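Number of protein chains: 2
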Amino acid sequence: MSIPHRVLSLLRDNGPLSRAELPDRLEVPRPRLLAELDRMVAAGRVLEAGPAASRGGRRSTLVRLDPGLRFAAVDLGASSVEMEITDGSLTTVAALSEEMDLLAGPVAVLDRIGELLRTLRDKGHYERLDALGIGLPGPVSFREGVPVSPPIMAGWNRFPVRDTLARAHGCPVVVDNDVNVMAIGEKYAGAARTVDHLLFVKIGSGIGSGVQVHGRIYRGAEGCAGDIGHVQVDAGGPVCACGNSGCLEAYFGGAALARDATAAALAGRSEQLAVRLREQGALTALDVGACAAAGDAASVGLIREGGRRVGQVLATVVSFMNPSMIVIGGGLAGLGHVLLAEIRSVVYKRSLPLATGNLPIVMSALGPRAGVVGAALLASDACYGAGE
Amino acid sequence: MSIPHRVLSLLRDNGPLSRAELPDRLEVPRPRLLAELDRMVAAGRVLEAGPAASRGGRRSTLVRLDPGLRFAAVDLGASSVEMEITDGSLTTVAALSEEMDLLAGPVAVLDRIGELLRTLRDKGHYERLDALGIGLPGPVSFREGVPVSPPIMAGWNRFPVRDTLARAHGCPVVVDNDVNVMAIGEKYAGAARTVDHLLFVKIGSGIGSGVQVHGRIYRGAEGCAGDIGHVQVDAGGPVCACGNSGCLEAYFGGAALARDATAAALAGRSEQLAVRLREQGALTALDVGACAAAGDAASVGLIREGGRRVGQVLATVVSFMNPSMIVIGGGLAGLGHVLLAEIRSVVYKRSLPLATGNLPIVMSALGPRAGVVGAALLASDACYGAGE
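Going down the list, the sequences are from chains A and B.
Note that the first sequence covers residues 6 to 393 in my numbering.
Note that the second sequence covers residues 6 to 393 in my numbering.
For the record, the hints were derived by calculation from the structure and aren't laboratory data.
Since we're looking at a predicted model, the values are computed, not measured.
A hint or two may mislead.
What the hints assert, rightly or not - Derived, one-sided and incomplete: chain B residues facing chain A with beta-carbon distance under 10 Å: (1) Gly150; (2) Val153; (3) Val200; (4) Cys229; (5) His235; (6) Thr321; (7) Pro358.
Said to hold, decoys possible - Heads up, simulated SDA-like pairs for lysine to any residue below, C-alpha to C-alpha not over 20 Å straight-line: (8) Lys354(B) with Ser329(B); (9) Lys128(A) with Arg69(A); (10) Lys354(A) with Val367(B); (11) Lys354(B) with Gly251(A); (12) Lys354(A) with Ser250(B); (13) Lys354(A) with Ser154(B); (14) Lys354(B) with Val367(B).
From the three backbone atoms N, C-alpha and C, an ideal C-beta is built for every residue, glycine too.
Produce the complete structure using the sequences and hints provided.
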């Protein structure tokens, strides 16, 4: 990292610091650091703002990030978008979310994201964006900033998402896979702050994982590392949207759970699910969670069975990767303790004892915000490291 | 890497170079490099040996590794040891192998390794060792140089292998897991030279894998990354030596293959295997390979079935890791094309298309030497980087 990048990251993560402290904290010779600071003040990245608390002797000046810095963080899901505007320290300035249909295609979706951003600008949440980070629900070439053969994003293959957004908003843009972005968020400000080798598992409409090795995202040869949703858990299992049969996602995840809950309701195996089906006309994973919480045995059974399948795949991954921690996130993480207990039970029983002896398996601490926190961090790194 | 480490590695990998070339090759200022070179000559690491080929102008001096440098490379298997003495460029000076019973315990085994090394010294293959690298068939704490809960090495848990060997031979010692060492060898001088993300799969008595990420071994949180032998491929499968049931190793690998071949011979399903069983009193995986090569359908069937199980586990690992290449090594890699074809067929069919589109699956190029080549490289790095 360049010296400006290190100064800006330190101020982002620690808050304001005195001019006198900075050379020690960064182990950079004092004259060189002070010259860089002057350049950063002139560029509008940092402010010198009043005297720092005295450490004895002459009072030093406090250095802080320019309060006008603004990042946009976008987490695009299968059917919705979450967005935040943050300041330079990644504190939320404004947030919004809305339903969004990816199948409308990249032009329409990115236009709509632009409209939403302009709404936030018109409300005074920013004047100009310093960088934008976005997570997409599919494989992404991080280097090129484009989705690559994304299964649930018909029409998006190799669309220049990064360059389109950069042109539209006049700032650096970073594009990554949504699960990677959530893993980055959880490592930066969630459950995995001190973790070297993180396995972040997203259980939402689909199932995927984000892998960090030595604290950095591992993307694999083609950028699709972490795909666990299409691991075959049973050769004779149901047909999956991907065309194979018996994939993990064909058994569990939002879509599979809604399907199985509907079947349970229609077969008379759950009075609670049947009532909801009559009232609403359709069931979602949320209904299963609510009924399970209310003691419905069939719903608890569905969650337990799904957790067992997820645990079965994770047991293999844990033996292979030997992670320092597993964090479970995504929409279905809200199914709570029954799901977590089942996953833990299978992984602890089936993986190599050496790999599970010190392995915490925990729920995401950031919940639905994991994606936007990660996207904001990616944006800030793109901004602070620009020109390196 | 320090400048001496970079100079020595460059001479190891490229052979002798002229004094004039070195500063450019390493992008180090000329005066600084020449001063380091003088120190390395004085320390007996490199020699200046005659004039280099003229590049026009004044002739430069040729710089080469000291021809007296010697490394010991040891590959300790479940039932045998392979050993090489190499020079500073990792060229083999002497090699030997013998049967060895790990269950004799670490003191007896390391003593015997010492005796074998002294035999090689007495024959004039070295005067003193500059470093020693050793691979052990079990999980290893690389940092501490000790085996950790190794399943097939009763009595070795946390025995100070590195420190014991360093004291006995008066040189730096590096200890690693045998499959990691084979992966390192294959990356340095085998099939995977240009590969970033390597999955090396060893199929021998047991089954394991070595993982390289960005060209470096990935060990995981507890040093046991790559364990694929105890992944459950069928909950109702045979009981494994580890105590669980249906592990990959319980289905395939040297021990399982010998068991299934014996059953086939006794049940009258293979005349060729039955003849060998009568003649030898017992069957090994080598018999299955020989009978398969001679057209025995039952033997081909056993190899194909084993390859299918290995492929099943690798399909999951490939989707998760998205490696750049898979290299198959170990004793059973000699089963050849039938095994490779079956593994390829399952992986290409079951893994994410994006992960397999550019994925070569090949046999080890170094064969049984992969381990000693990797151990020699580890030794040379320990020697050349000493003091960093």
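Here is what the structure says about each hint:
Here the hint on glycine 150(B) is broken, as its CB sits about 17 Å from the closest CB of chain A, past 10 Å. Against a cut-off of 10 Å between C-beta atoms, the interface hint on valine 153(B) holds, since the closest Cβ of chain A lies about 6 Å away. This hint holds: valine 200(B) has a C-beta 9 Å from the nearest C-beta of chain A, less than the 10 Å allowed. Nearest Cβ of chain A to the Cβ of cysteine 229(B): about 5 Å, under the 10 Å cut. The hint holds.
Proximity of histidine 235(B) to chain A holds as hinted, the smallest CB-CB distance being about 6 Å (cut-off 10 Å). A distance limit of 10 Å between C-beta atoms decides the matter here; for threonine 321(B) the minimum to chain A is near 5 Å, and the interface restraint holds. Satisfaction of the interface hint for proline 358(B) is found here, the shortest Cβ-Cβ separation to chain A being roughly 7 Å, below the 10 Å cut-off. At roughly 17 Å between alpha-carbon atoms, lysine 354(B) and serine 329(B) fall within 20 Å of each other, so this suggested pair holds.
For a cut-off of 20 Å, the pair hint linking lysine 128(A) to arginine 69(A) is broken: about 25 Å separates their Cα positions. A C-alpha spacing of about 33 Å is found between lysine 354(A) and valine 367(B), which places the hinted pair above 20 Å, so the restraint is violated. Pair hint lysine 354(B) plus glycine 251(A) holds up; C-alpha atoms about 13 Å apart against a cutoff of 20 Å. For the hint linking lysine 354(A) to serine 250(B), the alpha-carbon distance of about 11 Å falls within 20 Å, and the restraint holds.
A hinted pair counts as satisfied when its Cα atoms are at most 20 Å apart, and lysine 354(A) with serine 154(B) qualifies at roughly 17 Å. For the suggested pair lysine 354(B) and valine 367(B), the alpha carbons sit about 17 Å apart, so the restraint of at most 20 Å is met.
Checked against the numbered hints above, the structure violates hints 1, 9, 10; every other hint is satisfied.
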